[in-house]
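A.B. asks: Sequence:
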Amino acid sequence: MGLMTVSTDDDSPLDYYSTDDDLETRQHIQDPLCHVSREEALRLCKAFAEETNIMYPFLDMDKIIRHIEGLRTSDDANGSWMISGDDKDVIALVLAISLMRESAGESELGRSLFHSIKNRLERRTWAPISVTGINVFVLAARYYFYADEDERMAWRTIGIAARQCLELGLHHVQGYSNLEEEDSRPALILFWSVFALDRRWSFGTGLPFSIQEADIDPSLPEPDDSYIYLKTMIPYCRISSKVWYAGLGTGEISKLRRDCMENLDSQVLQWYEQMPESLKCPNPYCTDVGLNTVLRRLQIQMYIRTNIMRILIYRPILYNYANILQNMPHAVLCVHLAKDTIRILYQTHKATEIYKSQQTLFNFFVLSSLAIIFLACFHDPADFCACVQEEVFMALELIKAVSSRSRVARRLWKAIRDLREVGERLGVLSPASPVERYQTSTVDHGTYIQPPPPVHGGNEANVPMTGTIMSAELTNLLEEIGMYHPLTTEHSGEGNGNNDVFRRPSEQSSWEHSTSPQWSNVDSLTEVLNPLFWNN
Numbered sequence: 179m180g181l182m183t184v185s186t187d188d189d190s191p192l193d194y195y196s197t198d199d200d201l202e203t204r205q206h207i208q209d210p211l212c213h214v215s216r217e218e219a220l221r222l223c224k225a226f227a228e229e230t231n232i233m234y235p236f237l238d239m240d241k242i243i244r245h246i247e248g249l250r251t252s253d254d255a256n257g258s259w260m261i262s263g264d265d266k267d268v269i270a271l272v273l274a275i276s277l278m279r280e281s282a283g284e285s286e287l288g289r290s291l292f293h294s295i296k297n298r299l300e301r302r303t304w305a306p307i308s309v310t311g312i313n314v315f316v317l318a319a320r321y322y323f324y325a326d327e328d329e330r331m332a333w334r335t336i337g338i339a340a341r342q343c344l345e346l347g348l349h350h351v352q353g354y355s356n357l358e359e360e361d362s363r364p365a366l367i368l369f370w371s372v373f374a375l376d377r378r379w380s381f382g383t384g385l386p387f388s389i390q391e392a393d394i395d396p397s398l399p400e401p402d403d404s405y406i407y408l409k410t411m412i413p414y415c416r417i418s419s420k421v422w423y424a425g426l427g428t429g430e431i432s433k434l435r436r437d438c439m440e441n442l443d444s445q446v447l448q449w450y451e452q453m454p455e456s457l458k459c460p461n462p463y464c465t466d467v468g469l470n471t472v473l474r475r476l477q478i479q480m481y482i483r484t485n486i487m488r489i490l491i492y493r494p495i496l497y498n499y500a501n502i503l504q505n506m507p508h509a510v511l512c513v514h515l516a517k518d519t520i521r522i523l524y525q526t527h528k529a530t531e532i533y534k535s536q537q538t539l540f541n542f543f544v545l546s547s548l549a550i551i552f553l554a555c556f557h558d559p560a561d562f563c564a565c566v567q568e569e570v571f572m573a574l575e576l577i578k579a580v581s582s583r584s585r586v587a588r589r590l591w592k593a594i595r596d597l598r599e600v601g602e603r604l605g606v607l608s609p610a611s612p613v614e615r616y617q618t619s620t621v622d623h624g625t626y627i628q629p630p631p632p633v634h635g636g637n638e639a640n641v642p643m644t645g646t647i648m649s650a651e652l653t654n655l656l657e658e659i660g661m662y663h664p665l666t667t668e669h670s671g672e673g674n675g676n677n678d679v680f681r682r683p684s685e686q687s688s689w690e691h692s693t694s695p696q697w698s699n700v701d702s703l704t705e706v707l708n709p710l711f712w713n714n
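According to our numbering, the sequence shown is numbered sequentially starting from 179.
Hints were generated in silico from the structure; no laboratory data involved.
Some hints here could point you the wrong way.
Think about it this way: if two alpha-carbon atoms lie no more than 30 Å apart in a straight line, the pair counts; the simulated DSSO-like pairs of lysine-lysine are [stated by the list, open to error]: (1) 528 x 266; (2) 592 x 528; (3) 224 x 458.
Derived DEER-like restraints, expressed as beta-carbon distance ranges [claimed, not checked]: (4) 286 x 437: 46 to 54 Å; (5) 392 x 212: 45 to 53 Å; (6) 385 x 350: 41 to 49 Å; (7) 444 x 297: 44 to 52 Å; (8) 358 x 397: 19 to 27 Å; (9) 297 x 238: 38 to 46 Å; (10) 358 x 534: 35 to 43 Å; (11) 385 x 504: 29 to 37 Å; (12) 306 x 390: 19 to 27 Å.
Ideal Cβ placement from N, Cα and C applies to all residues, glycine included.
The task is simple: from the sequences and hints, build the whole structure.
C.D. replies: The following block contains the structure:
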């Protein structure tokens, strides 16, 4: 028996694969698995267990690791993997996900591993449905997320897994009667993992859910305490559904809408208060390297997810100046949450490897928070520009590490270009070619930055070669607008990112006379910034 033995159909999905696919499997010379040693495979599997499977634990990683140990020894490390079908797909995807996560989507080996099983993945869409097949689709969705190219592919693929869960009846108690007793629990965890990921990527892309809560059997058991992260995320997902369907949108913030916001905010805070103590972040600014890294990463994620959901609730207040004036306490709170998120991630990045280990996810949090700061400062510079300078600096520093191939880079670069276009149309910014702008760019106090190739049309793929260039262009844009003046940092020498001391320019800007008020009634501003909240 292989790794994946759960099935609800007499026919194997592999029966639907052509002989050409079988031949390709046997031709191990072209198989990227041949380039992965047993030791490296085991390391990547253990990293997957600690960094990825701990959140959505639908795979038995101990079983997979034992399986790999039995497949290969050091004597045949340069030979073929005697593996095919379901087992190969699962192992190849686990390795590919770990490689992409570690490289922030830049691993060619990870990409090759995925493409080696992609044809069989596509055929699974038409094959008889099985729990095994759903596992593979969930892994493929996670690969698309960590490949950091287009989260819509993750959303689309998890949607296939979700619909197959519904076809198998995993959303109803009676759906598990067709499974062996030892298979019921993994299938239940699989369903709830799909439910949570479906919500996560719907919010990431702004696209609808595939699983509706009304269709889930109220008596369906939820994960127990041995799946602490997933168990905690299920009520969070239910709150996110309420936020989604509340339709807070744009326009005037009426008392009814304000009451709705406050009610949803209260539910988010209650969720955080009621979560297990081990997942709470008692001191989010602590960067003690002696802390358990895996646990600390989960704590930071939970804390920031709380911030982000509250930001999404109050974001409509920042869509225009009138709403800000009428709801100033909530506007200030929303900006505070954005600043808090950026500051925590900046300090985490400076002092630990936690940010790097989940850079794809954390980059989205930074971008969403920066978009909130932009909304506030463009619409009400007098109240907000002066108080966000340090956090803007921190965000610009984090952007330097962004891969130019990532979806975050594409979204941000498009927003930069669109903001400049709007500013030029308003007469706030003077037209300038990309080369002229970069010839005046300085990063780190005078280092010349080579300009990127000219950008033509609206193609988001024309992104600068490095995050440093993008950070420099955004810095220039914000300076020209009058919203930001670069800060310098001095390190106190105490040994971690907590001790950076920020120095402001000697001449302070008059925020009251900033050019930003000219943006206040620009309808396209929200249209430009909203995509920064969608991670696609």
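A.B. asks: If a hint holds in the structure, say so; if it does not, say that too.
C.D. replies: Here is what the structure says about each hint:
Restraint check for residue 528 and residue 266: not satisfied, since their Cα atoms lie roughly 38 Å apart, outside the 30 Å limit. For the hint pairing residue 592 with residue 528, the CA-to-CA distance comes to about 27 Å; that is within 30 Å, so the pair holds. Distance hint between residue 224 and residue 458 is fulfilled; the C-alpha atoms sit about 25 Å from each other, no more than 30 Å. Restraint check, residue 286 to residue 437: a C-beta distance of roughly 53 Å satisfies the suggested window 46 to 54 Å.
With their beta carbons about 48 Å apart, residue 392 and residue 212 fall inside the hinted range of 45 to 53 Å. A beta carbon spacing of about 25 Å between residue 385 and residue 350 contradicts the range 41 to 49 Å that was offered as a hint. For the pair residue 444 and residue 297, the supplied restraint of 44 to 52 Å holds, since their beta-carbon distance comes to about 49 Å. At roughly 21 Å, the beta-carbon separation of residue 358 and residue 397 lies within the given 19 to 27 Å, and the hint holds.
Between residue 297 and residue 238 the C-beta distance comes to about 26 Å, which lies outside the given range of 38 to 46 Å. Under the hint 35 to 43 Å, the C-beta atoms of residue 358 and residue 534, about 41 Å apart, fit the expected range. Evaluation of the 29 to 37 Å hint for residue 385 and residue 504 yields a pass: the beta carbon distance comes to about 32 Å. At roughly 25 Å, the beta carbons of residue 306 and residue 390 sit within the given window of 19 to 27 Å.
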